[in-house]
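Below, each chain spelled out in residue letters.
2 protein chains.
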Amino acid sequence: MELHVRLLDIDFGGKPLVFLNDSDADELNVNASERITIKGAKSKRNAIVSISSSTIQKGTIGITENLRKDLSLKQNSLVDVEIAPFPKSLAYIRNRLGGKKLLSKEIYEIVKDVVDANLNENEIAAFVTSLHLEKIDLDEATSLSKSMVKTGKILDVKKKIVVDKHSIGGVPGDKTTLLVVPIIAAAGYTIPKTSSRAITSTAGTADRAEVLMPVNIGMKKMLQVVKKCRGCIVWGGAIDLAPADDIFVQAEFSLHIDPLLLPSIMSKKKAVGATHLIVDIPTGRGTKMKTTGEADLLARDIVELAKRLQIHAHCVLTHGEQPIGNTVGPALEAKEALEVLMNKKDVPDLSNKACHLAGAVFEMVSKKDGFSVAKKILESGKAEEKLREIIKAQGGSPQITPEDIPIGRCTLNAKAEKSGQILWMENKVIVELGRAAGAPKDKGAGIYFNKKVGDSVENGEIIFTVYAEREYKLERVKAVLSSHLPLGIGQRTDMMIHKIKESPIVERTFTIDR
Amino acid sequence: MELHVRLLDIDFGGKPLVFLNDSDADELNVNASERITIKGAKSKRNAIVSISSSTIQKGTIGITENLRKDLSLKQNSLVDVEIAPFPKSLAYIRNRLGGKKLLSKEIYEIVKDVVDANLNENEIAAFVTSLHLEKIDLDEATSLSKSMVKTGKILDVKKKIVVDKHSIGGVPGDKTTLLVVPIIAAAGYTIPKTSSRAITSTAGTADRAEVLMPVNIGMKKMLQVVKKCRGCIVWGGAIDLAPADDIFVQAEFSLHIDPLLLPSIMSKKKAVGATHLIVDIPTGRGTKMKTTGEADLLARDIVELAKRLQIHAHCVLTHGEQPIGNTVGPALEAKEALEVLMNKKDVPDLSNKACHLAGAVFEMVSKKDGFSVAKKILESGKAEEKLREIIKAQGGSPQITPEDIPIGRCTLNAKAEKSGQILWMENKVIVELGRAAGAPKDKGAGIYFNKKVGDSVENGEIIFTVYAEREYKLERVKAVLSSHLPLGIGQRTDMMIHKIKESPIVERTFTIDR
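Sequence lines, in order, name chains A and B. Counting from 1 along the first sequence, just add 3 to a position and that's the residue number in my numbering. Counting from 1 along the second sequence, just add 3 to a position and that's the residue number in my numbering.
The shape of chain A in the complex, shown without the other chains:
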């Protein structure tokens, strides 16, 4: 059937949507949310149908901006449109909703159709929900990981040992990667690190690293940097590794579910060719893994899944009940990491964590007492040197000093309203404060903590300072502070957590960032 193009000049988050009049849809035998194939002059593409009889004339087809680009369509030109073949992947999703685990080739079809936009939002949401409710097993996780690798790009650094490091996430202020990568590369191992930007958190490693150097450098440049420095810290989004993941995250995010945690991590590690992987599992109240039992079970799955993908993986459980170091927010965190690498400042939990993680890598690839090896590299200044080498190779200024890093000029001091001890910190509220201040988009926004759990405070003492780039964002911070406590001051003998007087609306911590 031939239809006249009506360009809508609107982009729908990259989704290939078209709008039809109902009588044309009827002629095509297609319902809303089903699929048609549009043939342009040079290429063809599937698209999801919306029916909009009040605004789309019979004989015309409404085309979104991304489709116009993909197919080089012109206003009022004729395109040939037909009903797309029924996607086999949808039959597989229906089977899974019927309680069946999926076979490897079925999962590949689904992932491929997710990437090719042959499945609509509703269908992807149902698939992800089914993976959550009827738990994915290791066979499915393996197939998902492999399919996600296969439907994206692959990096080949041509090395026998390729190291990678990953954190399950969930703890704010975790700038560990900025230390671990240069420590490992300084020791002579190859670590082509890709990182993500924040989705629900105050900063992703890519956001932090971007304060020091460009991270949006693409695959070709990444390969050059790794060849030269053995390590890099780049934004994974620019590399197009495992693109299915980003689409799944869109579905998971608002639902607060994350069944694709393992395939998401593993596919990205496999796509950079990792042979040895260390995974940090922050554990405890306010993180993703509330108990060591849960964390151990996750570790078991990680090690087994990695094995099936020919990756040698170890896990490290780390304390995650409060931020790592004293800072939260991209610029403050980059500054703190640089200060520790330069041995200008002592941030004991941060350097301890970095040395444990780098040390675990060293022990995997056969060095003994990895922690000491890592500590030595950090204290010797070799890690700082390596980071500066990487900064230079990625196009940043290798002479950068902590003072060069711009921090938001608007500040808000939070003072203790009584004397006592910091009894707890609430990651969730800290993240909310940081985001209210503008992080991660405003790189200079964030929080500096003078006190952490166990520290004594005097009434009136400044516990933390919030930094923002714009004054009005501090108003948002005040609003959060007026209803939520980021930390508790008291005596160790105060026993009550909170009272429940009526059916509460439960708001659990949820961080999709991995």
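These are computed hints drawn from the structure, not numbers from a lab. Small disclaimer: the values here were computed from a predicted structure and weren't measured. Treat the hints with caution; some may be incorrect.
If several chains are the same, the list does not tell them apart, and a pair holds so long as it fits within one copy or across any two.
[Stated by the list, open to error] Only pairs whose alpha carbons sit at most 27 Å apart, straight line, appear in this in silico BS3-like list of lysine-lysine:
#1 K230 - K163
#2 K108 - K504
#3 K18 - K72
#4 K293 - K91
#5 K163 - K370
#6 K91 - K481
#7 K153 - K230
#8 K91 - K431
#9 K502 - K103
#10 K42 - K481
#11 K72 - K115
#12 K61 - K18
#13 K77 - K61
#14 K293 - K103
For chain A, the structure is supplied; the task is to place chain B on it using the hints.
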């Protein structure tokens, strides 16, 4: 935040979508698929955010056609926009994804936000999927039914006994309601029947009835008709009873799941004030309920759920492995029903089924031997008289004859390719044929069966005739026939069903029509 309106002149299936530039979204602290509140001159409304930085300028907001209407917005005018309060209903959906059954007031919040479009497609799909995978229990079904009633309109016919009839659906050609309503009304009982149009089938009762009379008559007129005739057959979609259901159906349809079957039915019965309800459960291969065990369990839930809603319900299990009567498609079915009511034609399975269902109603409201009572009313011509009274009251022509009903002029005869017995009929393929021919939109499209299961056929004999309004639709019918068999001819001793040589793509029967 104030933004300039950019009218997009596109309607998105009635969904209240707005498009923002990413920097404005960032200022508002809102992500894609989250919610904002737009204040128009007179009213305000929530909308779901899409982010479209390439096409939407900073400082402007893209407005869909339905929102423009709702808020009376003008091109380039200023609207005040702010982030909408977090919907509590989303927290409840998250709890259910966490394995918790929901409380009554939580379900009400969800249904309300579904109707008010405060939940996005992804969130509704996850909720529906969770109701399917972590089965809804009777408490939840009760709350859902009540909430769906509460969020829609309610009919009050001011009668002590209000009868209703419903079919679970799944069997093609089921024009029973066209007989049952006049039989019951002729007996002096009130039956304010609302029916649906076909979604996945060849005809809904509303489609069939529309061949005889207007069915899109609204609530006021419906009340008048019921007052005058005791019965009516109107399209439920025009009455706005339980509007949440239509939105849930959108999510269920493509996934082939139907967890809301019971609340959907019951809410509509409750909304018309039914006190006595008879539910037809077509049972057997090719229907929704494959076994009598399954059907009995469903009946148990129907009776119990109805009780909790103060409705007295009985169920009738009926044979559903082949079409009811000899016709499929709106006009052919309306014609057949009229012929049976006029005692012009003997269609034994149809009149038997209608008398069993009407008879079951009579027995509920205390008549004995209901079947005979119903049969007598049918044979006496009183049911025909009553239908003509209803046709007149709804605005149709009461003199209508079967010959007045236009049937598609393009025909295709399917002939037996061997002699034998009709061993089986496949409802799914029959529906596919009927829809390929143009049903339900082309009212004259459909199928007339000369033979049904158990009948003997000779090689070359016409088994069925397909009717279409347009010749090219018969090409579609041929395509279906070339790959799928609607019925099987053979000897009773032929034992093989089919062979499986490689992993099959399973396409189960699925009819969302209830």
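Measure nothing new, just compare the shortest in-copy and cross-copy C-alpha distances for K42 and K481 to 27 Å and report within, between, both or neither.
The answer is between: 25 Å across copies meets 27 Å, while 54 Å in one copy does not.
Treating 27 Å as the Cα threshold, decide for K293 and K91: within, between, both or neither.
between (39 Å within a copy, 24 Å between copies)
Should K108 paired with K504 be assigned to within, between, both, or neither, using CA atoms and 27 Å as the limit?
between (52 Å within a copy, 16 Å between copies)
Treating 27 Å as the Cα threshold, decide for K18 and K72: within, between, both or neither.
both (12 Å within a copy, 26 Å between copies)
Cα distance capped at 27 Å. Does K153 pair with K230 within a copy, between copies, both, or neither?
For K153 and K230, only the intra-copy Cα distance (24 Å) is at most 27 Å; the inter-copy one is 66 Å.
Measure nothing new, just compare the shortest in-copy and cross-copy C-alpha distances for K230 and K163 to 27 Å and report within, between, both or neither.
within (13 Å within a copy, 85 Å between copies)
Intra- versus inter-copy proximity for K103 and K293 (alpha-carbon distance at most 27 Å)
Only across copies: K293 and K103 sit 19 Å apart there, 30 Å inside one copy, limit 27 Å.
How do K91 and K481 come out at 27 Å by Cα distance, when the copy is not named: within, between, both, or neither?
Classified as between: cross-chain Cα gap 23 Å, same-chain 52 Å, threshold 27 Å.
Given a CA cutoff of 27 Å, do K502 and K103 count as a within-copy pair, a between-copy pair, both, or neither?
Intra 43 Å, inter 21 Å, cutoff 27 Å: inter-copy only.
Treating 27 Å as the Cα threshold, decide for K91 and K431: within, between, both or neither.
Answer is between: at 18 Å across copies they meet the 27 Å cutoff, but 41 Å inside does not.
Cα distance capped at 27 Å. Does K61 pair with K18 within a copy, between copies, both, or neither?
The answer is both: 23 Å in one copy and 21 Å across copies each meet 27 Å.
Evaluate K163 and K370 at a C-alpha cut-off of 27 Å and name the case that applies: within, between, both or neither.
within (17 Å within a copy, 87 Å between copies)
The structure meets every hint from the earlier list without exception.
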